[in-house]
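K.L.:
Sequence:
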Amino acid sequence: MMRLRFRHQKFQSDAANAICEVFNGQPFHSPTYMIDPGLGQIGLEDARSFTGFNNAPVVIGDDKVLENIRSIQRSGQIKPSESLDGRFNLTVEMETGVGKTYTYIKTMYELNKRYGWSKFIIVVPSVAIREGVYKSFQMTEDHFAEDYGKKIRYFIYNSAQLTELDRFASDSSINAMIINSQAFNARGKDARRIYMKLDDFRSRRPIDILAKTNPILIIDEPQSVEGAATKERLKEFTPLATLRYSATHRADSVYNMIYRLDALEAYNKKLVKKIAVKGISVSGSTATEGYIYIQSINLSKGNPTATIEFDIKGKTGIRKVSRIVTEGYNLFDNSGELAEYKDGYTVLRIDGRDSSVEFTNGKKLYAGDVIGSVSEEQLRRIQIRETIHSHIERERQLFAKGIKVLSLFFIDEVAKYRQYDDQGNATGGTYTQIFEEEYKAIVGNMQLSLDDADGYLKYVESISADQTHAGYFSIDKKSGRIIDSKLGDKKERTSDDSDAYDLIMKDKERLLDRREPVRFIFSHSALREGWDNPNVFQICTLKQSGSDVRKRQEVGRGLRLSVNQVGERMDENVLSHEEIHNVNVLTVIANESYDSFAKGLQSEIAEAVADRPRKVQAKLFEEKFGEDIALAIYESLIENGYIKRGELTEKYYESKQSGSLEVPEEISGQIHEVISVLDSVYDPNINKPENARKNTVNLTLDKDKLNSRAFQELWSRINSRSYYTVSFDEDELIKRAITELNSKLRVSKIYFKVEKGEQTKKIESKAQLQAGGAFVRADMVREEASPYLEMKASSLVRYDLVGKIVSETGMTRKAVASILVGIEKSIFDQFGNNPEEFILRAANIINEQKATAIIEHITYDKLTSEFSTNIFTEPDLKKGALGVNAIEAKRHLYDYVIYDSTNERDFANQLETHSQEVEVYVKLPKGFYINTPVGKYNPDWAIAFYEGKVKHIYFVAETKGDMSSMELREIEKAKAHCAREHFRAISGENIKYDVVSSYDKLWELVQG
4 MMRLRFRHQK
14 FQSDAANAIC
24 EVFNGQPFHS
34 PTYMIDPGLG
44 QIGLEDARSF
54 TGFNNAPVVI
64 GDDKVLENIR
74 SIQRSGQIKP
84 SESLDGRFNL
94 TVEMETGVGK
104 TYTYIKTMYE
114 LNKRYGWSKF
124 IIVVPSVAIR
134 EGVYKSFQMT
144 EDHFAEDYGK
154 KIRYFIYNSA
164 QLTELDRFAS
174 DSSINAMIIN
184 SQAFNARGKD
194 ARRIYMKLDD
204 FRSRRPIDIL
214 AKTNPILIID
224 EPQSVEGAAT
234 KERLKEFTPL
244 ATLRYSATHR
254 ADSVYNMIYR
264 LDALEAYNKK
274 LVKKIAVKGI
284 SVSGSTATEG
294 YIYIQSINLS
304 KGNPTATIEF
314 DIKGKTGIRK
324 VSRIVTEGYN
334 LFDNSGELAE
344 YKDGYTVLRI
354 DGRDSSVEFT
364 NGKKLYAGDV
374 IGSVSEEQLR
384 RIQIRETIHS
394 HIERERQLFA
404 KGIKVLSLFF
414 IDEVAKYRQY
424 DDQGNATGGT
434 YTQIFEEEYK
444 AIVGNMQLSL
454 DDADGYLKYV
464 ESISADQTHA
474 GYFSIDKKSG
484 RIIDSKLGDK
494 KERTSDDSDA
504 YDLIMKDKER
514 LLDRREPVRF
524 IFSHSALREG
534 WDNPNVFQIC
544 TLKQSGSDVR
554 KRQEVGRGLR
564 LSVNQVGERM
574 DENVLSHEEI
584 HNVNVLTVIA
594 NESYDSFAKG
604 LQSEIAEAVA
614 DRPRKVQAKL
624 FEEKFGEDIA
634 LAIYESLIEN
644 GYIKRGELTE
654 KYYESKQSGS
664 LEVPEEISGQ
674 IHEVISVLDS
684 VYDPNINKPE
694 NARKNTVNLT
704 LDKDKLNSRA
714 FQELWSRINS
724 RSYYTVSFDE
734 DELIKRAITE
744 LNSKLRVSKI
754 YFKVEKGEQT
764 KKIESKAQLQ
774 AGGAFVRADM
784 VREEASPYLE
794 MKASSLVRYD
804 LVGKIVSETG
814 MTRKAVASIL
824 VGIEKSIFDQ
834 FGNNPEEFIL
844 RAANIINEQK
854 ATAIIEHITY
864 DKLTSEFSTN
874 IFTEPDLKKG
884 ALGVNAIEAK
894 RHLYDYVIYD
904 STNERDFANQ
914 LETHSQEVEV
924 YVKLPKGFYI
934 NTPVGKYNPD
944 WAIAFYEGKV
954 KHIYFVAETK
964 GDMSSMELRE
974 IEKAKAHCAR
984 EHFRAISGEN
994 IKYDVVSSYD
1004 KLWELVQG
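Going letter by letter, the sequence shown gives residues 4 to 1011 in my numbering.
The reader is advised that the hints may include incorrect statements.
[Unchecked claim] Here are the simulated lysine-lysine pairs, BS3-like style, with alpha carbons at most 27 Å apart:
id	residue 1	residue 2
1	K893	K706
2	K807	K154
3	K13	K976
[What the hints assert, rightly or not] Okay, the calculated beta carbon distance ranges per label pair:
id	residue 1	residue 2	range
4	A163	S376	24 to 34 Å
5	N993	H917	14 to 24 Å
6	V887	G649	46 to 56 Å
7	R90	E167	26 to 36 Å
8	G458	D686	23 to 33 Å
Because the hints were derived from the structure by calculation, they are not lab data.
Every residue gets a Cβ at the ideal spot worked out from N, C-alpha and C, and that includes glycine.
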């Protein structure tokens, strides 16, 4: 069976590191104690089993902890805490779908590694999340065992299996107990057991055994756990520290925010899916008005068409039909002359720019609009149909990438999915019947229209309509199965239909496997936090979204980035940065208009990021750059047209993307730091969901152009593949690395505070002793830590300096040793100040020089294999919206050009305008790429000019950069260099490659 693969991600390490750094200065210690054995006789052997391992108390002072917290907050652009909020409450904000559970499991390992702490209790709000957390421990245990050389012993608290608590206390390895808050905070008998002296637990209270371990509490979704009563109950665990993890913390319970990865940052970094919304807007629901549903506007070769559903009179009565119509289509004539369509219901105009249909009577309807008499059942039918359409479209696009597509329906009652007769036999409910009818119709039409040679049709045909859906409902919890196998209904697949709860939560991998036929999930309790699956690409709410259902909760079930059939996450380790949001799109089929849903979702996100700055002001830059330079940056942003009235302009975003952002000269090397500050400003348009109905442009390949002499000549010159080799002089690299290290390696020193205190002259009370008031601080001195080289005789830590840098750089031990011997003594002596930082910074500098040397010494050779023209017929993942990111084209290989920036749009327009010079061109698909040491590179354009017009007829051009920092700009330069070498190797002087900013620049080059 397919298993999910886990990779190291920087943001998860940063979050774990932030928690650990709070206790910087705490020594490593793993103490033991005698566990209360309870009543009854115990022998010597038994006594040994009552040796417990608990978490050593925090010995560094509260002032030091607060100082650490503020330092971490400042570096993360979080408002510093005014005081230490509890001992010790730490808050982590992580957007839904980025791997919160993974992050806190990693944090447990890191806390154990650094400080010896080994006892953790994870408190969750519900059974569903408890099972999800347990599943995460299962799925990640081998991954973490590889990293840390040990496994966590994890279990779910069960009041009937209390021997687990003795094991929790007596086991010396890392232990994690998962408990839902109802297990200690409800009124039932089971919940009370944790506080009772129990005969079957040697007359001990379970809570006391747990409290003695001094556990670290991890609260998953504290906004759902921490009521007033629960907060008091949590104190009885006597936690060493309490770590809170959620995407939506309550404003009054934030405490000390240590790390934040909010909705905006997660979206900008492409760590979650992009959201698209397919809205359905009902208006004018009267029985006298004719029923019309504008399903879609279709743009391809020729004039636009519209898919419209309307009523038609047949022999057996009135039924609803869908028809693809053109301008001039008369609904009255085509409906069997139904009277409601008599008054001007002839299609006057179909407009692809705003996805509208206008009738001769003046009515203008947009894609997704429904008018006339429409029942609740018909509205749900439309939603189900649209979900299936979106599912099939996405599934076909992703089939070749090995990604299984899932769709999730939220419904309001079980009976609409499944009903039971008097004998207890199951039958499909209303939604089941509608789904199977619509699914069969859509798949049937697709089989007639789709010429698929990639195996997709075969895959779809192998799954029947009744096999491809399953449900999970809380009403079925008693039996533990969605279908009781004793029901004996053949249609319901009773012999092999497994528990859908198990399918969604416990057997997550099984649902991701194509061999599992279920692709559509109906769910009732999926709104509860914790229910998610990475390959949910469509979410449809077949119920009224009341005030109790927040839109972020709905979309949260599908935000996680998808995985392929070998369990690889579809992130930037597998895809290019640009491709991530072409592959990972979550479409919400809403039961309201796009505008209404989008507005609601954005207002919730704005509320969640309320502490982000709303306007760009000079003071934003003061923390990083100081007052004078902050003002200079602010003035420069205004002068260059990057901000207007405190808001970032379109020009800023385009300059950021193209890597042409201008800043004051004195900070020219810190552009990425300026951008990171500007990224902290809330912009409601950044993650505004896109309108799925606007993406109506489907590219149609012009086969005549594909087979034309001009294109075939161009293609034959660029379609060869190549391989590269790198050979560079190691001595030269060593010299360059030494020079750069002497110039750039600067390591900060470690400081610690020495606090002196003395006992008060008089101890007034026991309370004074307990509160720590019997000692007063007399003096505090900040001292430099002793250099590591002086401490090493007594230090427990040993650094294999050469070995560490070898593992970070991939160079030989001999080369690394030569570099370290060659650098200046004052530079090398910094190692003693801060070994970890020295290793990290030195390795980074060496790697930069290594990358430069690789690019300078790269050579390409031609392979016999070639790219096939099939790359031009593969389903395109990027959708187009006319006037937004698509233009019509005459010289292009396709009928439209889908562009990524205004620069690309302008370039394509110029290629079209110069039709006397340009014979044919194509914006190259992602399937065409060049291998480079810095990743796959996909050039933008291939262009063929008319013979006799220019010197260089065939040209490959790059018009854009996807750079947000100096570092990325260097990578783009490296890719361009590799591309030149590649084309020189495969085609000599027959093909010209260059980076151009405009058609005029291109024209100069082809004339030269």
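K.L.:
Hint by hint, say whether it matches the structure.
P.N.:
Each hint tested on the structure:
{"no.": "1", "hint": "K893 <-> K706", "verdict": "holds, 13 Å"}
{"no.": "2", "hint": "K807 <-> K154", "verdict": "holds, 24 Å"}
{"no.": "3", "hint": "K13 <-> K976", "verdict": "holds, 25 Å"}
{"no.": "4", "hint": "A163 <-> S376: 24 to 34 Å", "verdict": "violated, 57 Å"}
{"no.": "5", "hint": "N993 <-> H917: 14 to 24 Å", "verdict": "holds, 22 Å"}
{"no.": "6", "hint": "V887 <-> G649: 46 to 56 Å", "verdict": "violated, 26 Å"}
{"no.": "7", "hint": "R90 <-> E167: 26 to 36 Å", "verdict": "holds, 28 Å"}
{"no.": "8", "hint": "G458 <-> D686: 23 to 33 Å", "verdict": "violated, 43 Å"}
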